[in-house]
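Protein chains: 4
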Amino acid sequence: MQDKRYSFLCDYNEGAHPDILQAMIDTNDEQLEGYGEDAISLRAQDLIKEALQDKEAEVHFVSGGTQANYIVIASALRPYESVISASTGHIHVHETGAIEAKGHKINLIESPSGKLSPNQIKPVLEAHVDEHMVRPKLVYISNSTEIGAVYTKKELVALHEFCQANDLFLFMDGARLGSALMATGNDVKMSDLTRLTDACYIGGTKNGALIGEAIVLSNPVLKNYFRYHIKQNGGLLAKGRLLGIQFRTLFEKDLYYKNAAHSNAMAAKIGKALKEMGIDFLNEPISNQIFPILDNQIIDVLEETYQFYRWCVVDEKRTAIRLVTSWATPETQVKKLIKIIAEMIGEKSE
Amino acid sequence: MQDKRYSFLCDYNEGAHPDILQAMIDTNDEQLEGYGEDAISLRAQDLIKEALQDKEAEVHFVSGGTQANYIVIASALRPYESVISASTGHIHVHETGAIEAKGHKINLIESPSGKLSPNQIKPVLEAHVDEHMVRPKLVYISNSTEIGAVYTKKELVALHEFCQANDLFLFMDGARLGSALMATGNDVKMSDLTRLTDACYIGGTKNGALIGEAIVLSNPVLKNYFRYHIKQNGGLLAKGRLLGIQFRTLFEKDLYYKNAAHSNAMAAKIGKALKEMGIDFLNEPISNQIFPILDNQIIDVLEETYQFYRWCVVDEKRTAIRLVTSWATPETQVKKLIKIIAEMIGEKSE
Amino acid sequence: MQDKRYSFLCDYNEGAHPDILQAMIDTNDEQLEGYGEDAISLRAQDLIKEALQDKEAEVHFVSGGTQANYIVIASALRPYESVISASTGHIHVHETGAIEAKGHKINLIESPSGKLSPNQIKPVLEAHVDEHMVRPKLVYISNSTEIGAVYTKKELVALHEFCQANDLFLFMDGARLGSALMATGNDVKMSDLTRLTDACYIGGTKNGALIGEAIVLSNPVLKNYFRYHIKQNGGLLAKGRLLGIQFRTLFEKDLYYKNAAHSNAMAAKIGKALKEMGIDFLNEPISNQIFPILDNQIIDVLEETYQFYRWCVVDEKRTAIRLVTSWATPETQVKKLIKIIAEMIGEKSE
Amino acid sequence: MQDKRYSFLCDYNEGAHPDILQAMIDTNDEQLEGYGEDAISLRAQDLIKEALQDKEAEVHFVSGGTQANYIVIASALRPYESVISASTGHIHVHETGAIEAKGHKINLIESPSGKLSPNQIKPVLEAHVDEHMVRPKLVYISNSTEIGAVYTKKELVALHEFCQANDLFLFMDGARLGSALMATGNDVKMSDLTRLTDACYIGGTKNGALIGEAIVLSNPVLKNYFRYHIKQNGGLLAKGRLLGIQFRTLFEKDLYYKNAAHSNAMAAKIGKALKEMGIDFLNEPISNQIFPILDNQIIDVLEETYQFYRWCVVDEKRTAIRLVTSWATPETQVKKLIKIIAEMIGEKSE
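Protein chains in written order, with numbering that gives the first Met the number 0: chain A, 0 to 349; chain B, 0 to 349; chain C, 0 to 349; chain D, 0 to 349.
To be clear, the hints were calculated from the coordinates, so they are not data collected in a lab. Please note that the accuracy of each hint is not assured.
[Said to hold, decoys possible] With a Cα cut of at most 30 Å, we get these calculated BS3-like pairs of lysine-lysine:
| # | chain 1 | residue 1 | chain 2 | residue 2 |
| --- | --- | --- | --- | --- |
| 1 | D | Lys222 | A | Lys121 |
| 2 | D | Lys48 | D | Lys152 |
| 3 | B | Lys257 | B | Lys335 |
| 4 | A | Lys222 | A | Lys252 |
| 5 | A | Lys316 | A | Lys257 |
| 6 | A | Lys268 | A | Lys257 |
| 7 | D | Lys153 | C | Lys252 |
| 8 | A | Lys222 | D | Lys152 |
| 9 | B | Lys121 | A | Lys3 |
| 10 | B | Lys252 | B | Lys274 |
| 11 | A | Lys222 | D | Lys136 |
| 12 | A | Lys316 | C | Lys121 |
| 13 | C | Lys268 | C | Lys3 |
| 14 | A | Lys222 | D | Lys121 |
| 15 | B | Lys136 | C | Lys257 |
| 16 | D | Lys3 | C | Lys54 |
| 17 | C | Lys3 | A | Lys121 |
| 18 | A | Lys48 | B | Lys3 |
| 19 | B | Lys54 | A | Lys3 |
| 20 | D | Lys271 | D | Lys153 |
| 21 | D | Lys316 | B | Lys121 |
| 22 | C | Lys3 | D | Lys252 |
| 23 | D | Lys121 | B | Lys316 |
| 24 | A | Lys54 | B | Lys3 |
| 25 | C | Lys222 | C | Lys274 |
| 26 | A | Lys188 | A | Lys152 |
| 27 | A | Lys3 | B | Lys252 |
| 28 | A | Lys252 | B | Lys3 |
| 29 | B | Lys136 | D | Lys136 |
| 30 | D | Lys3 | C | Lys48 |
| 31 | C | Lys222 | B | Lys121 |
| 32 | A | Lys271 | A | Lys188 |
| 33 | D | Lys48 | C | Lys3 |
| 34 | C | Lys257 | C | Lys316 |
| 35 | B | Lys222 | C | Lys222 |
| 36 | D | Lys54 | C | Lys3 |
| 37 | C | Lys152 | C | Lys316 |
| 38 | D | Lys222 | D | Lys54 |
| 39 | B | Lys334 | B | Lys274 |
| 40 | C | Lys271 | B | Lys222 |
Small disclaimer: the values here were computed from a predicted structure and weren't measured.
Kindly produce the complete structure, drawing on both the sequences and the hints.
If you want it as structure tokens, here you go:
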């Protein structure tokens with residue numbers, strides 16, 4: 000980056016975990032089948048099914064989150080069916096209308112945490128009663144959410160049961176699933192996912208891979224001809240090995256969890272330190288995205304050393320910023336950031 | 000590959016050129032901007048513009064050929080406009096209806112070589128006269144074609160002029176552009192491309208990369224908001240560096256041409272040897288895909304040692320097979336293949 | 000209707016104005032060209048251009064409002080572009096996701112009256128800044144709105160100028176344009192429309208026709224190949240005369256205005272009478288849709304004699320109902336309705 | 000028509016059958032429910048089900064053939080599925096890419112008569128084997144075909160059985176179904192349709208109505224939420240009564256068959272007379288479209304009195320023309336046409 004400041008902008012600013020690069024080198028000389036039907040990709044799929052503790056699950060690798068989202072959603076819906084999403088949902092805010100481009104309306108629900116509950120969804124269903132309106136058919140959730148919140152098992156079970164009772168698919172965007180699973184207080188396990196959702200994806204790009212998301216289909220209806228959907232949408236890589244190698248590495252020795260644990264630990268360190276300084280947060284800091292509310296003067300100074308997003312203005316004097324850590328975040332940067340803020344708080348309080 | 004036989008099936012069965020892996024290792028520790036706006040991707044774009052000798056060209060990296068094709072085509076067309084393609088065109092045969100999925104009809108032209116000429120296109124235009132029919136607006140060509148043929152400069156100039164005169168875009172699918180540029184008898188240069196087409200793509204996946212095609216836009220009309228099209232279609236990789244690194248490596252030291260030259264040389268060696276044995280070809284063998292016509296008995300024996308496609312039945316006794324070489328094809332395999340065939344021809348002729 | 004009660008449900012519950020039926024009889028024996036190129040349709044187009052006082056306008060007839068809306072909008076937009084609409088907009092609420100089915104997101108704005116202003120639109124533009132988001136490109140307004148409000152000329156001029164300054168198309172849904180033009184206090188004229196919008200449609204179905212909306216294109220960009228869009232979307236009727244006859248009749252002797260004037264007069268009579276009884280309205284009753292707020296007991300009794308929609312609950316005791324009048328509403332029914340309400344109010348106040 | 004010559008151009012150049020106009024007058028004063036849920040439309044649906052002898056069939060009215068075709072086809076297919084059609088099929092040739100605009104490829108089969116048989120379809124299925132290609136799922140046929148041919152019952156049964164055995168939907172475009180059912184030698188009955196197809200439509204526009212096609216769904220899978228598809232595609236008319244009135248009239252007193260019988264009788268008269276003069280036909284003249292092959296000199300003279308299409312050049316001296324008759328074609332015009340041709344043939348043979 001031309002910008003020399005250390006970046007807490009996003010978890011995709013890093014390279015790959017070294018183990019992944021090594022696996023690419025180790026397998027490079029092999030001739031392998033194309034389009035994800037190679038032995039390495041098959042092995043990676045098996046490892047993920049083991050982690051899910053579900054042999055019937057279907058695993059498909061694609062290159063990015065937008066692609067994963069719109070392929071799953073568009074393949075699940077008939078033309079008149081819609082998606083229910085929090086208004087903070089990535090599919091609504093940051094995917095350039097990809098869902099609509101595939102023909103589907105998104106029914107929005109306001110939610111400060113980015114999480115959805117049956118009570119929020121019920122009125123949407125009740126408002127859609129006849130053929131002059133779309134028919135809501137799929138609930139899209141992100142775990143962790145776009146603002147760092149994480150579903151409890153109880154919440155997920157409630158959503159799952161509600162969706163079952165109302166003929167809705169439940170789809171979980173897991174761009175930051177690793178961080179959610181390793182979050183403070185989380186009680187959802189990888190092995191709960193196929194039981195509690197109809198489809199989800201396990202994000203690789205933001206958790207140590209260079210590229211790649213693993214779509215997991217548990218509802219048999221969604222499995223039909225899924226590779227046709229991937230191919231038609233440009234998601235079937237000729238050298239599918241590239242995706243297989245990365246997920247094999249991430250799941251062979253629990254690297255997926257270790258990466259997320261490190262990422263969360265770095266965020267938690269910042270969170271704990273800032274709380275002790277009396278700093279408020281937009282949300283409870285429990286995953287790898289945290290949103291401290293800082294005096295604008297402190298932010299101005301912090302920006303001399305670090306890159307990060309100003310998330311939203313809180314009041315005249317204060318703004319919430321977003322800090323994102325990753326598998327690669329060095330503890331030295333975390334300590335330095337804390338120190339700078341502490342010094343400024345100290346000066347102010349004197 | 001579980002199958003232990005050496006594969007001449009396709010040019011995507013290999014890993015990456017070692018220089019590309021090395022570049023990935025060398026840059027891995029850097030924090031870089033996302034979505035292709037990093038310094039490495041910018042450098043790769045500049046190198047390609049230098050190769051094109053066209054500073055005004057716009058270069059965008061995407062992950063695969065189907066994606067490159069449908070994003071360029073769909074972004075160029077209005078809803079009622081159609082694409083003209085040879086009936087062998089990859090967009091028609093092997094992309095699961097991706098063009099139609101974006102809303103556009105493909106007008107087909109029969110062509111044994113897979114190449115198109117103004118005389119073939121003219122009747123298509125004449126047949127589409129009013130609002131009850133689509134309006135042909137873009138000519139899709141592949142160079143080299145899906146069956147190994149290569150356009151001469153004269154042919155390309157004629158197509159270009161015809162398209163200009165008839166308000167048509169000319170788009171070249173360059174999945175195997177490297178092989179075309181280095182083909183026996185080719186007189187088209189990289190620096191001709193932006194002058195003679197409105198858009199094209201430079202294929203990386205089949206020429207040494209693990210992933211990646213470089214879309215080149217020369218017609219200003221096509222440049223508008225092109226990143227919006229890429230993002231909406233799931234083609235904007237978060238860690239865009241992955242594509243940038245590969246193309247920087249391919250174009251920094253002429254690796255793109257060297258890879259293709261090796262690939263073609265291997266195919267030419269087979270072509271020359273088989274011709275000397277009196278074997279016919281479906282097409283003149285000039286690029287990295289060659290189609291010898293062999294006795295079925297010879298094919299049966301050859302399949303014990305090699306993987307390749309049986310392309311089409313020629314007569315009761317003979318079948319054309321497809322052999323594809325790549326940057327990684329070892330000369331030992333080429334020699335061994337020639338030897339096996341030679342021995343069988345020898346036996347037969349005794 | 001099996002239901003014998005008189006209906007104030009909607010303005011499409013009636014047949015055609017008798018003059019239209021007579022014109023159908025008078026022209027029935029003629030052989031005419033198909034697809035809207037017949038002499039009657041051409042005459043109807045000319046009459047509308049005269050009414051618009053704009054010879055350059057292009058007029059196209061289609062069969063319904065949903066069709067008019069999505070054909071105009073989808074023909075105007077590129078794939079990554081979106082529509083801005085009030086959240087009450089018909090395209091959002093009651094067209095089964097037709098806009099999204101053509102690939103476009105709708106950016107919603109809350110607006111109690113259903114009208115939009117530059118101040119409401121500005122933040123939407125400011126929030127859409129890069130290729131990760133759609134690009135708002137067309138502002139959709141309804142006049143009269145879905146809840147009976149009407150734009151003043153000043154408001155329309157402000158919207159028009161804002162759209163011009165911000166590279167936005169302005170499109171007016173005129174399903175109830177007649178009623179808007181003849182509304183109490185309206186100062187917009189038919190001859191203002193092509194100057195102040197890029198496209199609009201003049202609704203026939205709800206103003207005396209059996210079928211038919213006249214799309215009016217004033218921005219030259221939108222005129223290109225428009226018949227291709229209509230045909231591709233199933234909107235080009237083989238016997239286009241059916242639409243031409245109706246609009247010729249509506250515009251030959253000002254029937255379009257007379258129908259709307261009668262419709263509004265009937266609504267105004269109810270509005271005035273109820274106001275005099277001290278009844279509140281959700282909106283000022285100025286067009287042919289009015290929303291009196293009545294005690295639930297009164298509504299229960301009223302429903303014994305009349306059909307209408309309960310629009311929204313206002314408080315524990317009161318509900319707003321919607322009464323829609325039309326060119327065919329007999330004054331006797333209006334008087335009877337007023338009388339019933341007056342009697343109940345009288346009883347209550349005793 | 001400004002052109003004063005009598006027109007044999009198409010069967011949509013006429014007005015409505017007088018009984019239909021009368022029914023519109025008779026029902027005009029009734030208030031009726033919107034969107035096709037009125038009593039008249041329900042009655043029309045019942046009459047059609049009686050004609051089909053199938054109470055389980057679902058009947059939906061839409062305004063035109065292109066709309067009927069693409070709504071049925073798009074509602075039946077998943078995104079990766081395609082339609083098989085003769086290359087003369089209306090959906091391929093004359094609907095401005097409406098099927099592709101809904102996302103689906105059309106697999107074309109060459110067929111001189113415009114009819115399809117299992118033997119022609121089989122190779123298409125065999126060529127589509129994996130996820131790199133679309134999956135053919137629906138067979139589209141027209142009866143009568145675009146060039147006047149009619150399916151025998153044996154042919155239809157064979158197609159039906161083949162489709163059943165191969166998991167294909169069979170859809171019949173019945174824009175000219177009336178003419179097919181009343182054609183010389185036809186042995187298919189209205190009551191065979193729901194047993195032998197999964198969906199079809201009964202064309203009204205070309206058989207006495209001003210507008211309207213009746214979609215008939217027999218396969219239960221296709222019935223789900225069909226009104227949602229119609230509404231989303233702009234096919235649900237607010238004043239649905241307009242369609243109901245016409246079909247009630249056509250099916251109340253066998254007017255549908257009588258109209259077609261007259262139309263065919265007029266064509267047959269021409270066909271018989273011209274055959275007796277030794278004139279050849281492109282196809283056997285059995286329905287209301289006939290294609291006599293005439294000397295160009297005769298055609299030149301005929302065009303002074305009549306409008307019709309020159310269909311295709313047969314040899315240097317002769318061209319096939321298309322003559323289309325309708326429910327409204329007067330016998331006097333038929334006799335006059337025959338006489339003119341007879342005179343010219345007489346002159347030539349002298």
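Cross-check of the supplied hints:
1. Proposed proximity of Lys222/D and Lys121/A is supported: the alpha carbons are some 27 Å apart, at most 30 Å.
2. Taking the CA atoms of Lys48/D and Lys152/D, the gap is about 20 Å. The hint holds against a cut of 30 Å.
3. Only pairs whose Cα atoms come within 30 Å are accepted, and Lys257/B paired with Lys335/B is accepted, the gap being roughly 23 Å.
4. With a C-alpha separation of about 28 Å, the suggested pairing of Lys222/A with Lys252/A holds against the 30 Å cut-off.
5. The suggested pairing of Lys316/A with Lys257/A is violated, with an alpha-carbon distance near 38 Å, which exceeds 30 Å.
6. For the hint pairing Lys268/A with Lys257/A, the CA-to-CA distance comes to about 16 Å; that is within 30 Å, so the pair holds.
7. A hinted pair counts as satisfied when its Cα atoms are at most 30 Å apart, and Lys153/D with Lys252/C does not qualify at roughly 57 Å.
8. Among the hinted pairs, Lys222/A with Lys152/D is inconsistent with the structure: their alpha-carbon atoms are about 39 Å apart, more than 30 Å.
9. With a C-alpha separation of about 57 Å, the suggested pairing of Lys121/B with Lys3/A is violated against the 30 Å cut-off.
10. Distance restraint check for Lys252/B and Lys274/B: the Cα-Cα separation of roughly 34 Å exceeds the 30 Å cut-off, and the hinted pair is therefore not satisfied.
11. Distance restraint check for Lys222/A and Lys136/D: the Cα-Cα separation of roughly 18 Å lies within the 30 Å cut-off, and the hinted pair is therefore satisfied.
12. Distance check on the hinted pair: Lys316/A and Lys121/C sit about 25 Å apart at the alpha-carbon level, within 30 Å; holds.
13. About 24 Å separates the Cα atoms of Lys268/C and Lys3/C, which keeps this hinted pair within 30 Å; it holds.
14. At most 30 Å may separate the alpha-carbon atoms for a hinted pair to count; Lys222/A and Lys121/D meet this at roughly 27 Å.
15. Between Lys136/B and Lys257/C, the direct Cα distance comes to roughly 47 Å. Violation of the 30 Å bound is thereby established for this hinted pair.
16. Only pairs whose Cα atoms come within 30 Å are accepted, and Lys3/D paired with Lys54/C is accepted, the gap being roughly 28 Å.
17. Straight-line distance between C-alpha atoms of Lys3/C and Lys121/A comes to about 35 Å, which puts the hinted pair past the 30 Å bound.
18. Restraint check: the Cα-Cα separation between Lys48/A and Lys3/B comes to about 27 Å, which is no more than 30 Å; the hinted pair holds.
19. The hinted pair formed by Lys54/B and Lys3/A meets the criterion: a straight-line CA distance of about 28 Å does not exceed 30 Å.
20. Using a Cα cut-off of 30 Å, the hinted pair Lys271/D and Lys153/D holds, with the two alpha carbons roughly 26 Å apart.
21. The suggested pairing of Lys316/D with Lys121/B holds, with an alpha-carbon distance near 25 Å, which does not exceed 30 Å.
22. With a C-alpha separation of about 28 Å, the suggested pairing of Lys3/C with Lys252/D holds against the 30 Å cut-off.
23. Among the hinted pairs, Lys121/D with Lys316/B is consistent with the structure: their alpha-carbon atoms are about 25 Å apart, no more than 30 Å.
24. For the hint pairing Lys54/A with Lys3/B, the CA-to-CA distance comes to about 28 Å; that is within 30 Å, so the pair holds.
25. Restraint check: the Cα-Cα separation between Lys222/C and Lys274/C comes to about 46 Å, which exceeds 30 Å; the hinted pair is violated.
26. Between the alpha carbons of Lys188/A and Lys152/A the distance comes to roughly 9 Å, so the proposed pair stays at or under 30 Å and holds.
27. As the CA atoms of Lys3/A and Lys252/B are separated by approximately 28 Å, the hinted pair is consistent with the 30 Å bound.
28. With a C-alpha separation of about 28 Å, the suggested pairing of Lys252/A with Lys3/B holds against the 30 Å cut-off.
29. With a C-alpha separation of about 29 Å, the suggested pairing of Lys136/B with Lys136/D holds against the 30 Å cut-off.
30. With a C-alpha separation of about 27 Å, the suggested pair Lys3/D and Lys48/C falls inside the 30 Å cut-off, and the hint holds.
31. Among the hinted pairs, Lys222/C with Lys121/B is consistent with the structure: their alpha-carbon atoms are about 27 Å apart, no more than 30 Å.
32. Restraint check for Lys271/A and Lys188/A: the C-alpha separation of about 25 Å stays at or below 30 Å, so the hint holds.
33. Simply put, Lys48/D and Lys3/C have alpha-carbon atoms about 27 Å apart, close enough for the 30 Å limit, and the pair holds.
34. A C-alpha spacing of about 38 Å is found between Lys257/C and Lys316/C, which places the hinted pair above 30 Å, so the restraint is violated.
35. At most 30 Å may separate the alpha-carbon atoms for a hinted pair to count; Lys222/B and Lys222/C meet this at roughly 23 Å.
36. Between Lys54/D and Lys3/C, the direct Cα distance comes to roughly 28 Å. Compliance with the 30 Å bound is thereby established for this hinted pair.
37. Distance restraint check for Lys152/C and Lys316/C: the Cα-Cα separation of roughly 38 Å exceeds the 30 Å cut-off, and the hinted pair is therefore not satisfied.
38. Taken as a hint, the Lys222/D and Lys54/D pair is honoured in the structure, with Cα atoms around 14 Å apart against an allowance of 30 Å.
39. Under the criterion of a C-alpha separation no larger than 30 Å, the hint pairing Lys334/B with Lys274/B is consistent with the structure, at around 15 Å.
40. About 58 Å separates the Cα atoms of Lys271/C and Lys222/B, which puts this hinted pair outside 30 Å; it is violated.
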